[in-house]
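Novice: If you want the building blocks of each chain, they are given just below.
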Amino acid sequence: MKILLKNIEEPDYTGSIQDYRRKGGYTAVSKAIKEMTPEEIVEEVKKSGIRGRGGAGFPAGVKWGFLPKNTDKPIYLICNADEGEPGTFKDRIIIEKDPHLLLEGIIITSYAIKSHQAYIYIRGEFVYGANRLNSAIREAAEAGYIGKDILGSGYNLDIQIHRGAGGYICGEETALLESLEGKRGWPRIKPPFPAVEGAFRCPTIVNNVETLANIPFIINNGGESYAEIGVKNSTGTKLFCLSGHINKPGIYEFPLGISLRSLIYEHGGGIKNNNKLKGVIPGGSSMPVLASDEIDVSMDFDSLANIGSALGSAGVIVMDETVDMVDVSLNVAKFYAHESCGQCTPCREGMPWMRDIISRIKDGKGKKEDIDTLLDITYNIEGKTICPFGEAGAWPIRAFVNKFREDFEKHIN
Amino acid sequence: MPTLTIDGKEITVELGTTILKAAERLGIFIPHYCYHPSLSVVGSCRMCFVEIEGSPKLVPACSTVAVDGMKVLTNSENVIKARESMLEFLLINHPLDCPVCDQAGECKLQDYAFLYGKNHSRFNEQKRLLPNKDFGEHIVLYANRCILCTRCVRFCQEIAGYEELGVFLRGGKAQIDIFPGKTLKNKLAGNIVDICPVGALIDKDFLHKTRVWNLTSYNSICPKCSRGCNIRIDVKDNTIFRIKPRENHEVNSHWICDDGRYGYHEWDNISRIEYPLKREGDKYIQIGWDEVAKLININFQSIIKEYNSNAVCGVGNSSASNEENYLLYYYINKCFNSGNLFLYHINSNEYEETFKSGFKIESDKNPNKEGAILNLNIKEKDGSFNMLLDRIDEGEIKALYFIHKNIGDSLDDDKIKILQKLDFIVVEDVSESNLTKIADVVLPTTNYAESDGTYINSSRKVQRFFKAVEQPGLVKEGWEILNILIKKSGDDLDVSSPADVFNKMSDYFEELKGLSFYKLGDNGINLS
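Top line first, the protein sequences correspond to chains A and B. The opening residue of the first sequence carries number 1 in the numbering used here; numbering runs sequentially from there. The opening residue of the second sequence carries number 1 in the numbering used here; numbering runs sequentially from there.
You may find that some hints are simply not true.
[Said to hold, decoys possible] For each label pair, taking beta carbons as the anchor points, the in silico distance ranges come out as:
#	chain 1	residue 1	chain 2	residue 2	range
1	A	D376	B	E158	15 to 21 Å
2	B	K57	A	D302	34 to 40 Å
3	B	E380	A	F200	46 to 52 Å
4	B	T12	A	K367	18 to 24 Å
5	A	E35	B	G16	53 to 59 Å
6	A	K334	B	H120	53 to 59 Å
7	B	E14	A	Y379	34 to 40 Å
8	B	D507	A	P192	40 to 46 Å
9	A	S225	B	S357	56 to 62 Å
10	A	E40	B	T5	42 to 48 Å
[Stated by the list, open to error] So, partial list: chain A residues that the calculated Cβ filter (under 8 Å) puts toward chain B:
#	residue
11	K114
12	N331
13	F335
14	A337
15	E339
16	R348
17	P352
18	T373
19	L375
20	G383
21	P388
22	E391
[Stated by the list, open to error] DSSO-like mimics (lysine-lysine), calculated; alpha carbons at most 30 Å apart, straight line:
#	chain 1	residue 1	chain 2	residue 2
23	B	K71	A	K334
24	B	K173	B	K108
25	B	K81	B	K71
26	B	K118	A	K367
No lab work stands behind these hints, which were simulated from the structure alone. Small disclaimer: the values here were computed from a predicted structure and weren't measured. Where is the CB? At the ideal position from N, CA and C, for every residue including glycine.
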């Protein structure tokens, strides 16, 4: 069952508007704008049960429902294309290889939430992606899908690309809004939430690329059809990014609920060199690592949460027995120390501190107390920050220490 | 209107009130750094966590809105642990500078570390090191001490309206700095040192001069313009070490401008007149207060006998207190029956500015024009200095008593020439000036910091100020000088302090009815 890779997997598919239309593209936007009301579209998306694909997993239809019903302010749609989570490269594939799928999703969503201005906030490093999207927007505008009086309906929509400048934190929706407004990418305190006060203090919906790319299917086939795919509470398909010590790294689309073991061994071709699995990160570096005896878990939001980890962005990073988890922890800690925005005390001070302790441990200068200090720091950061970046940096370190303590102790003795 | 309980105490507040503000009203203090009542809420220091019963996650009190039925705990075990952790985070990179840091004794980091800090640090890494940053004339940033509360950045943006400071770089490297090539030019810049909770922003004017616990503070009113900002004069060994603002929400909020903050230095090298002086030929000789009082009264009486009562006049001053001006009025009007009172005020550079928050530096550089006009009992046009000069020119006025407390020569030569036509000139002054050089008698008087008194500001608020330093030599307080003269003239006025004088003023003037020095309190009273 392919929703997102349907076009991309076809050899010779170029992603041009002609190819896209040939494969049935832009029928959903026609149906949505000409035959449905915005409220009906929101209903379908609610029925589909689709949860945000950016990492937080919040039900998209419910989020759209938070918009004020009567407002004088313009409503904005932001497509979050900041894809910064280490181990994640799924949004990129849609942007680069099937941009019109994303655009169609954006147009339908904008219409549903009564927005006339959409922004695609794309990470600065995706130079090719931004150019690709700009060409696609031009193509779509020429064909009458973007701009004034779309398909003769009277509905106007403008889509603008806004490029980021290299901050992971700008993937956090309120930091993204600050950056979009030309300010430092410092997350805002919530409430107010973006649906009430977002871009330029106006009601705003921020959705991930993959989430929006699912919308055309939901319109064409109905929310209930979508809900039949996957498992309860985690409906639809997901793009899984397999990387690491795996024989067949890449992007795989499967219904949610596939087992991690099956993903690694059946579809990913197993571990390189037939080595033993040591650990696997299931959802991008912000999510707690799983030990080799934890991979009989269903890849869906709730099942992973129940075992103390998370689906996140589904960046599946596979690590074999040759890996020293202290190395991995240091790599992760360095990333979060580098990307911390610096606004609040626990993260600004705590992330570099954790990095320095792990670095010292790796260099053989660690002391016994350091491991417990490290754990204590993660508890002092968690729940105390302005945005979830705190948890994103603290949880992985805690999991590495808890599940692979021997690796740390080895350096200390 | 939600009703909530904080530590068991119930309070009802307006919709939208934060837990921190509600707690403040109950007298419950919640530690914080980045929150400031006059600045936007950022919730970034994470020091103000409180616990809400039934909620697993602690919330920052400064940015969490009170909800009906909320039960807040500000001192639970979880809250204390959170404060300890935030403090530990702040202290890992903070240098142990207390022995050399000016903030010691009034430092929020010290205060909270005392309550919530650990004796022993478990930080074994390298502290990050940053160079000091010079922000210009008055302020230097000891960047190592900065805890990134961003109060200074927000102050410049929101209160002063000058975007001169910013946060640069990211994460652990984030630091506050001034934009490249710029210096802090806004006239409210000194306030960022006040609001910096630690010793990061340092006033070069105060750097390493003394420990704050050696200072004694006196409430006063800034004399540098008619705004009348409420200040505190900090003194050690009878010397002013610094001026700080006092809070007054109807006048200056929490702020003072740099003219007021650093203006006390204009007295640094002024050579004060320390004794009463009498002219004899070309020279001035010292005489005692008793003798000089007799001398003045005799001279005034003889001029009145020769001409008439109105030949004698008094010149009050917009820089002098209400009490001084009133006693001058009393002296001239009641003791000598003269109706001639005039007002002198400096018209200086007229620099005025209204800042983004509404804080205003007034163009009138006199602290008490409103009060002088009231207490000299003149209408502004009638009592103008130019009118005085005309009357002297016309020969109507033969003698004058001039309260001139301003530094240096404030009258140009042609005005001095006219004054020289007088038969007898008495000048109260602080230092030598072209006025004292033509006077027959010079009476040394006190400046703004050397006596109690009251001013009326440009919004007609009466505010009181207290004596902060002892005057030098045999100088007498301004009100006391006139009190001696009045008594020596045979009048039975009975006052022994500026507060007493104020009571006489409130008996006499309808506008001041019912008021007293005591009743003015720390924030003054508005006249109708």
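Novice: Work down the list of hints and note, for each, if the structure agrees.
Specialist: Hints versus structure:
no.	hint	in the structure
1	A:D376 to B:E158: 15 to 21 Å	37 Å, violated
2	B:K57 to A:D302: 34 to 40 Å	21 Å, violated
3	B:E380 to A:F200: 46 to 52 Å	51 Å, holds
4	B:T12 to A:K367: 18 to 24 Å	53 Å, violated
5	A:E35 to B:G16: 53 to 59 Å	43 Å, violated
6	A:K334 to B:H120: 53 to 59 Å	28 Å, violated
7	B:E14 to A:Y379: 34 to 40 Å	36 Å, holds
8	B:D507 to A:P192: 40 to 46 Å	57 Å, violated
9	A:S225 to B:S357: 56 to 62 Å	58 Å, holds
10	A:E40 to B:T5: 42 to 48 Å	46 Å, holds
11	K114	28 Å, violated
12	N331	16 Å, violated
13	F335	11 Å, violated
14	A337	6 Å, holds
15	E339	7 Å, holds
16	R348	6 Å, holds
17	P352	4 Å, holds
18	T373	6 Å, holds
19	L375	12 Å, violated
20	G383	5 Å, holds
21	P388	12 Å, violated
22	E391	11 Å, violated
23	B:K71 to A:K334	40 Å, violated
24	B:K173 to B:K108	23 Å, holds
25	B:K81 to B:K71	19 Å, holds
26	B:K118 to A:K367	20 Å, holds
In terms of the numbered hints stated before, the structure departs from hints 1, 2, 4, 5, 6, 8, 11, 12, 13, 19, 21, 22, 23, listed from lowest to highest.
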